[in-house]
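Guided by the hints, dock chain X onto chain F, whose structure is given.
Protein sequence lines correspond, in order, to chains F and X. All residue numbers for the first sequence refer to my numbering, where the first residue is 4 and numbers rise by one. All residue numbers for the second sequence refer to my numbering, where the first residue is 17 and numbers rise by one.
Think of the hints as simulated: they come from the structure by calculation, not from any bench. One or more hints might be untrue.
To be verified - Result set (BS3-like, lysine-lysine): computed pairs, CA atoms no more than 27 Å apart in a straight line: (1) X/286 - X/169; (2) F/78 - F/107; (3) X/286 - F/56; (4) F/32 - X/303; (5) F/11 - X/301; (6) X/303 - X/63; (7) X/324 - F/56; (8) X/221 - X/46; (9) X/67 - X/286; (10) X/63 - X/169; (11) X/303 - F/56; (12) X/210 - X/194; (13) X/221 - X/193; (14) X/68 - F/107; (15) F/11 - X/169; (16) F/107 - X/67; (17) F/78 - X/63; (18) F/29 - F/107; (19) X/157 - F/78; (20) X/169 - F/56; (21) X/46 - F/91; (22) F/20 - F/32; (23) F/57 - X/253; (24) X/169 - F/91; (25) X/193 - F/32; (26) X/210 - X/275; (27) X/324 - F/57; (28) F/57 - X/301; (29) F/56 - F/32; (30) F/20 - X/194; (31) X/275 - X/253; (32) F/29 - X/221.
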Amino acid sequence: MASFKMGKMVMRSLFGKPATLMYPVKPAKITEATRGHITINVDTCIFCGICQKKCPTNAITVDRKGRVWSIERMKCIQCNCCAVNCPKDSLLMETTYTAPSAVKITDTFQGPPKEEKAPAAAAAEA
Amino acid sequence: MAKQTIIPFGPQHPVLPEPIHLDLVLEDEKVVQAIPSIGFIHRGLEKLVEKKEYTELMYVTERICGICAFGHNWGYCHAIEILLNVEVPERAEYLRVMWHEMSRVHSHLLWLGLLADAFGFESLFMHCWRLREGILDLFEKTTGGRVIFSVNKIGGVHRDVSPEMLLEISTVIAGMKKEYDELAKVFIEDVSVKNRTVGVGKVSKEDAAALCAVGPTARGSGVPFDIRSTGHSIYGKLGFEPIVEEGGDCYARALVRVKEVYQSMEMIQKIIAEMPEGEISVNVKGKPEGEFMARVEQPRGESCYYVKGNGTKNLERMRVRTPTNINVPFLVSALAGCELADVPVIVLSIDPCISCTER
Numbered sequence: 004m005a006s007f008k009m010g011k012m013v014m015r016s017l018f019g020k021p022a023t024l025m026y027p028v029k030p031a032k033i034t035e036a037t038r039g040h041i042t043i044n045v046d047t048c049i050f051c052g053i054c055q056k057k058c059p060t061n062a063i064t065v066d067r068k069g070r071v072w073s074i075e076r077m078k079c080i081q082c083n084c085c086a087v088n089c090p091k092d093s094l095l096m097e098t099t100y101t102a103p104s105a106v107k108i109t110d111t112f113q114g115p116p117k118e119e120k121a122p123a124a125a126a127a128e129a
Numbered sequence: 017m018a019k020q021t022i023i024p025f026g027p028q029h030p031v032l033p034e035p036i037h038l039d040l041v042l043e044d045e046k047v048v049q050a051i052p053s054i055g056f057i058h059r060g061l062e063k064l065v066e067k068k069e070y071t072e073l074m075y076v077t078e079r080i081c082g083i084c085a086f087g088h089n090w091g092y093c094h095a096i097e098i099l100l101n102v103e104v105p106e107r108a109e110y111l112r113v114m115w116h117e118m119s120r121v122h123s124h125l126l127w128l129g130l131l132a133d134a135f136g137f138e139s140l141f142m143h144c145w146r147l148r149e150g151i152l153d154l155f156e157k158t159t160g161g162r163v164i165f166s167v168n169k170i171g172g173v174h175r176d177v178s179p180e181m182l183l184e185i186s187t188v189i190a191g192m193k194k195e196y197d198e199l200a201k202v203f204i205e206d207v208s209v210k211n212r213t214v215g216v217g218k219v220s221k222e223d224a225a226a227l228c229a230v231g232p233t234a235r236g237s238g239v240p241f242d243i244r245s246t247g248h249s250i251y252g253k254l255g256f257e258p259i260v261e262e263g264g265d266c267y268a269r270a271l272v273r274v275k276e277v278y279q280s281m282e283m284i285q286k287i288i289a290e291m292p293e294g295e296i297s298v299n300v301k302g303k304p305e306g307e308f309m310a311r312v313e314q315p316r317g318e319s320c321y322y323v324k325g326n327g328t329k330n331l332e333r334m335r336v337r338t339p340t341n342i343n344v345p346f347l348v349s350a351l352a353g354c355e356l357a358d359v360p361v362i363v364l365s366i367d368p369c370i371s372c373t374e375r
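Here chain F stands alone, though its shape is the one from the complex (with noise of 0.2 Å):
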């Protein structure tokens, strides 16, 4: 009968689990490709400037003085573009999301003090 024709279709969802997940209890589904959230390795970083320069939603802040780098998670939108243009690959995008918040949170990460020369001036008087 021209009615039934997605008979089959509806007993295996009547059937079936849920094709849905219940987000919240359940985790939702990532895969290694998933592009979540932007972190930093401090310690490689030379805080050149150029993610802050390639940014297009301007989330990215960098003080070279202070050796400072952060982000407004907000403003990011996960486009991969800090992570590609990295000279020294120090921008990694994670998997996950970053938490749901009420405020916009801005993510701060304090570099090692720049590497005095004075050790290597020392050697070679020596």
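Chain X in isolation, oriented as in the chain F frame:
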């Protein structure tokens, strides 16, 4: 003459995913004229072009629309690549067309669901969208995003797809095709679907051509207009033939889309089988100078990207002409003379994407 009444339809209406307003001039239950007005979600893309660098605009163009995001980005990249005299590697072209055709499958499945929803066939709507999830998951696995891919770049693509992943895409699409057979049968044969779509919103071939209709809307009226048939990118190698229906009513427009899903699935399989090895991107240097108009066949129809560069990092001008923009006169013509109860189905039959239209 019967008394005329004007009924406002939209911008907020259960059948409309996005805001478009129509003033429907009625005589009893019959629509004698429809007066459209748009502009509720204008975002000022053309002004933004002055502030953003041409590389940053990549991320803006793919956010013009959430459903045909990949095509918008591809059209823009193609225009810039022509201005910079960049030859895109063959593998990148194959990957781009694969993602673009996957976008078409998910866009058409979304639309078929919305159509079912418009005439109150809820379970059909949910099954269409359930099937669409499979494609979105493939997108996430290959590009990293479900809706916004950020995978294109000027001169190629960012991510390669491994042979194992290609095999998985092929398997998923083949499995999906089996399930889609059942859904397609409902759209093609079911009495309740036919009752609401056959003979509704009829526009002749001559009128559709005169109103410059594009995409499945035009092809449903018998106008064989498809940018893919010009053979741009790798479509020439794939032996593409546009799907045309002669009916000119909502049923014919639905039929075109139902068949295009099959066609796109076949094309994806063919692309995967013929995928060449090699580089996926080339380095690009220089600033765009000159002007170019790129055309891409989006799921909704032909889309144009006009780009004018002046040798600086900011473009002088960029303009996007989207398919819904062109199909609004067609919609007005299709609405004249219809019943009030058929208005939602006719409005949906052109697959309106207002976000695209207002940019």
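Taking the hints in turn, this is what the structure says about them:
1. Between residue 286 of chain X and residue 169 of chain X the CA atoms are separated by roughly 24 Å; this keeps the pair inside 27 Å, and the hint holds.
2. A distance of roughly 9 Å separates the Cα atoms of residue 78 of chain F and residue 107 of chain F; the hinted pair therefore holds under the 27 Å criterion.
3. For the suggested pair residue 286 of chain X and residue 56 of chain F, the alpha carbons sit about 41 Å apart, so the restraint of at most 27 Å is broken.
4. Simply put, residue 32 of chain F and residue 303 of chain X have alpha-carbon atoms about 40 Å apart, too far for the 27 Å limit, and the pair is violated.
5. Under the criterion of a C-alpha separation no larger than 27 Å, the hint pairing residue 11 of chain F with residue 301 of chain X is inconsistent with the structure, at around 57 Å.
6. Proximity of residue 303 of chain X to residue 63 of chain X is assessed by CA-CA distance (about 20 Å); at most 27 Å being required, the pair is judged to hold.
7. Taking the CA atoms of residue 324 of chain X and residue 56 of chain F, the gap is near 23 Å; set against the 27 Å cutoff, the hint holds.
8. Between residue 221 of chain X and residue 46 of chain X, the direct Cα distance comes to roughly 23 Å. Compliance with the 27 Å bound is thereby established for this hinted pair.
9. Only pairs whose Cα atoms come within 27 Å are accepted, and residue 67 of chain X paired with residue 286 of chain X is rejected, the gap being roughly 41 Å.
10. A C-alpha spacing of about 22 Å is found between residue 63 of chain X and residue 169 of chain X, which places the hinted pair at or below 27 Å, so the restraint holds.
11. Taking the CA atoms of residue 303 of chain X and residue 56 of chain F, the gap is near 17 Å; set against the 27 Å cutoff, the hint holds.
12. Distance restraint check for residue 210 of chain X and residue 194 of chain X: the Cα-Cα separation of roughly 23 Å lies within the 27 Å cut-off, and the hinted pair is therefore satisfied.
13. Straight-line distance between C-alpha atoms of residue 221 of chain X and residue 193 of chain X comes to about 31 Å, which puts the hinted pair past the 27 Å bound.
14. For the given pair, residue 68 of chain X sits about 24 Å from residue 107 of chain F by alpha-carbon distance, which is consistent with the 27 Å threshold.
15. The hinted pair formed by residue 11 of chain F and residue 169 of chain X fails the criterion: a straight-line CA distance of about 44 Å is larger than 27 Å.
16. For the given pair, residue 107 of chain F sits about 25 Å from residue 67 of chain X by alpha-carbon distance, which is consistent with the 27 Å threshold.
17. Taken as a hint, the residue 78 of chain F and residue 63 of chain X pair is honoured in the structure, with Cα atoms around 20 Å apart against an allowance of 27 Å.
18. Between residue 29 of chain F and residue 107 of chain F the CA atoms are separated by roughly 25 Å; this keeps the pair inside 27 Å, and the hint holds.
19. The suggested pairing of residue 157 of chain X with residue 78 of chain F holds, with an alpha-carbon distance near 24 Å, which does not exceed 27 Å.
20. The straight-line distance between the Cα atoms of residue 169 of chain X and residue 56 of chain F is roughly 18 Å, inside the 27 Å bound, and the hint therefore holds.
21. This hinted pair does not check out: residue 46 of chain X and residue 91 of chain F have alpha carbons roughly 67 Å apart, beyond 27 Å.
22. Of the supplied pair hints, the one linking residue 20 of chain F and residue 32 of chain F holds, its CA atoms being roughly 16 Å apart against a limit of 27 Å.
23. The hinted pair formed by residue 57 of chain F and residue 253 of chain X fails the criterion: a straight-line CA distance of about 37 Å is larger than 27 Å.
24. Between residue 169 of chain X and residue 91 of chain F, the direct Cα distance comes to roughly 21 Å. Compliance with the 27 Å bound is thereby established for this hinted pair.
25. With a C-alpha separation of about 23 Å, the suggested pair residue 193 of chain X and residue 32 of chain F falls inside the 27 Å cut-off, and the hint holds.
26. Note on residue 210 of chain X and residue 275 of chain X: the hinted pairing holds, with a Cα-Cα distance of about 16 Å set against a maximum of 27 Å.
27. Taking the CA atoms of residue 324 of chain X and residue 57 of chain F, the gap is about 22 Å. The hint holds against a cut of 27 Å.
28. In summary, the hint linking residue 57 of chain F to residue 301 of chain X is supported, as the alpha carbons are separated by about 16 Å, within the 27 Å threshold.
29. Restraint check for residue 56 of chain F and residue 32 of chain F: not satisfied, since their Cα atoms lie roughly 33 Å apart, outside the 27 Å limit.
30. Taking the CA atoms of residue 20 of chain F and residue 194 of chain X, the gap is near 19 Å; set against the 27 Å cutoff, the hint holds.
31. The suggested pairing of residue 275 of chain X with residue 253 of chain X holds, with an alpha-carbon distance near 20 Å, which does not exceed 27 Å.
32. With a C-alpha separation of about 51 Å, the suggested pairing of residue 29 of chain F with residue 221 of chain X is violated against the 27 Å cut-off.
Violation of the numbered hints given earlier is confined to hints 3, 4, 5, 9, 13, 15, 21, 23, 29, 32; the remaining hints are satisfied by the structure.
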